[in-house]
Amino acid sequence: MNKFLFLSLIGLSILLYSAQTEIIGLGSIRAPKGWPEPVYNRPVTDAGFVLGKKLFYDPNLSRDGSVSCASCHLSFTGFTHVDHAVSHGIDDRIGTRNSPVLINLAWNSSFHWDGGVNHLEMQMINPIEHPNEMDNTMKNVVAYLNNSPEYRKMFFKAFGDSIVNMPNTLRAFGQFTASLISSNSIYDQVKRKELEFSSQEKHGYRLFRKNCAECHREPLFNSNEFASNGLPIDTNYNDVGRFLITNIDSDSMQFRIPTLRNIEFSRPYMHDGRFGTLREVLDHYTQIDVTKSHLSKPLKKPIILSDNDKKDLISFLKTLTDKEFLYNPRFRP
Amino acid sequence: MKFLASICTFFLTFSVFCQDTQTISFQIDTSFETEPASIDVFKGYISNIELTFEDGSRYTDSNGYYLIDFLDPSTTSIEISTGITKNISSISYLLGTDSLINVSGVYSGDLDPILGMYWAWNSGYINWKLEGNFKDEDFTYHVGGYAYPNATMQRISHEVNQNATEKIVITIELIQFLSSIDFSANSMIMSPRKEAVNLANSFVQYFSIRE
Chain A
29 MNKFLFLSLI GLSILLYSAQ TEIIGLGSIR APKGWPEPVY NRPVTDAGFV LGKKLFYDPN
89 LSRDGSVSCA SCHLSFTGFT HVDHAVSHGI DDRIGTRNSP VLINLAWNSS FHWDGGVNHL
149 EMQMINPIEH PNEMDNTMKN VVAYLNNSPE YRKMFFKAFG DSIVNMPNTL RAFGQFTASL
209 ISSNSIYDQV KRKELEFSSQ EKHGYRLFRK NCAECHREPL FNSNEFASNG LPIDTNYNDV
269 GRFLITNIDS DSMQFRIPTL RNIEFSRPYM HDGRFGTLRE VLDHYTQIDV TKSHLSKPLK
329 KPIILSDNDK KDLISFLKTL TDKEFLYNPR FRP
Chain B
1278 MKFLASICTF FLTFSVFCQD TQTISFQIDT SFETEPASID VFKGYISNIE LTFEDGSRYT
1338 DSNGYYLIDF LDPSTTSIEI STGITKNISS ISYLLGTDSL INVSGVYSGD LDPILGMYWA
1398 WNSGYINWKL EGNFKDEDFT YHVGGYAYPN ATMQRISHEV NQNATEKIVI TIELIQFLSS
1458 IDFSANSMIM SPRKEAVNLA NSFVQYFSIR E
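First to last, the protein sequences are chains A and B.
The first sequence lines up with residues 29 to 361 when you count with this note's numbering.
The second sequence lines up with residues 1278 to 1488 when you count with this note's numbering.
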C-alpha cells in the first residue's frame, strides 16, 4: 500500500511537471534563413509575448502613469523616439542618449549604447527605475501587477503562476522584445532572389560593403561591439560611453555599433541623436579627422564619397526598411 | 530546474534519500555594543559550496546560491542535504556569485533581483554589501563585478579539524577587517572597479573556522 502511494506520488509529480511545461511551452526565437543563431535562447510563447506586449504599452509602469515603454519606442519608427535627439521621460525630464531602436534584439549580446546590460531580460529594470525615464521601482511595478486580476490571469497563462514576481515580469518583457524581428526588407527580398536592386541601390550596396560593412555587418547590419566614430564629445552631456561600464581608458568615447535596419525611419542618428538626416551622418564619416587617437581602427582610413555616391548609399540604406515589421499589427496594442 | 527542485522536496518529505544534512553557519566575531562601530547593512551571497570528505571524495552544492543577511541570525545558517555521512576534512565556497549566473538573465529565489543585490545599469550581482560607521567614518561598500579585470567573487577555503561535522561555524572578524581599511582613500565603493577587487581580496582573509 505504501509502495503504491509512493509510486502514485511520483506519477503525480511527473504529471504536474508535464502540465507545467505545456503552459510554458518550448517555442523559441528562430533565425531567418542565412542568419546566425540568436543569442537569446529563452522559450517564447504566445501568452508570454502577449503579456510582454501589454507591459510594454502600459503607462502605469511609470511612477505617475504618464509614460510607457512605447512612449520612447514607437513601433512605426523601428521602436525608437523619432525626432527626439535625446528622449524625454516622466515630467518631460530629458535623458542624455538617443533611445535605441528595438530591432532584432535577440541577436544582441549586450544592450544600451554603452553595453552595460548583458541580457535582454535584465534591460527593462533600467528604464523603469531611471529617474529621467519612468522613475518607478520594480517593487511598485510588481505590486501594481499583483493588484490587477487581468494581469494575474495573464501571468498564470504565461508562467503557470498567478502571483506576479519580478523574474516572471522580466521574462515576459524579454519574450516580447526578443520577438521584434525585422527580416523582410527589400534587401532581404533581394537576398532571397524575390526582388532585384535598382542600379542606384546596387551601386550604393557596393559602396556600403566597401566602407561600412566592416562594422555594420550583414545580415544584422550591426556588430556586438563598440567603436569610437570620431564624434566630438557633446559638452552638455560629457558622455564617455563604454568607459562608464568598464573603467578601461581605451573604451572612452566608444558606443554600440547599432543596426542600420529601418534606418530610414529611425532618425535622429548617433548615440546622442545629433544628426537629423542620413546625409549628415555620411558627411560626418567622410570628414573624420583620421589622426584622432581614440578613433576605431576601421575608420582610420579615410572614407571618400562623392555627392552622387552619398545619394546612392542612402538609396541602399533605404532598402533596409521593412514595412511589414514597422506596420505589423501584432506588435501594436 | 523546477523539476529537480520538486523531486528533491518530494524526497525530503519522505526522507528516503536525503539522510544527512550539513549545516554551515556564519557569525560575526564581536558584539558591536563594545566596539566603535555600527553596522547598518551586511549582506552577501555564499555560493558554490564544496565539501571534501576524509577519503578525498567531494560534494558540490552547485545550484545553491544563498543570500545571507549576516545581521539576521535567522538567515546565517545554510543547510545542505548531502546524503553523505562521512567526516568532512575541508570546505570551500564563493563569497559572491559565479560569472555564469551574472550573464544568464533573470533568476528567482535568493537571486531574484528584487532583493536589491543586483545592478541594472551595469548588469551583475552585488556580491556583498557592508554599510555603517567605524571610528566616526561612514562607509558604504557594494562590492560586485564578475568580469576580468574587475571580478570580485572570492573562493574561500577552510580546513575542518573536527569530528563533529554536523555544524560548521565560520567566523568573520569584522572589526579587524574594518581596522585594516584606509577610509580616507575609500569610504564609498559601489561599482565594479579595482578598489572593489582589492577590498574583496582583503575581506576574505577575515573569514575563518575557529578551533
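Please note that a few of the clues may not be correct.
As the list claims (entries may be wrong) - Examples of chain A residues lying across from chain B (beta carbon under 8 angstroms, computed):
1) Ala59
2) Asn146
3) Glu157
4) Asn160
5) Ser176
6) Ile191
7) Arg199
Calculated directly from the structure, the hints in this document are not laboratory data.
Everything numeric in this text was worked out from a predicted model, so none of it was measured.
Beta carbons: idealized from backbone N, C-alpha and C, even for Gly.
The hints, checked one at a time:
For Ala59(A), the interface hint is violated, since its Cβ never comes within 8 angstroms of a Cβ in chain B; the closest pair sits about 19 angstroms apart. At a threshold of 8 angstroms, the smallest CB-CB gap from Asn146(A) to chain B is about 4 angstroms, leaving the interface hint in force. Interface restraint check: Glu157(A) against chain B, minimum CB-CB distance 7 angstroms, threshold 8 angstroms, status holds. Checking Asn160(A) against chain B: minimum C-beta separation of about 12 angstroms lies over 8 angstroms; hint violated.
A least Cβ separation of about 18 angstroms between Ser176(A) and chain B goes past the 8 angstroms threshold, and the interface hint is therefore violated. For Ile191(A), the interface hint is violated, since its Cβ never comes within 8 angstroms of a Cβ in chain B; the closest pair sits about 12 angstroms apart. Look at Arg199(A): its Cβ gets to within about 6 angstroms of chain B, closer than 8 angstroms, so that hint holds up.
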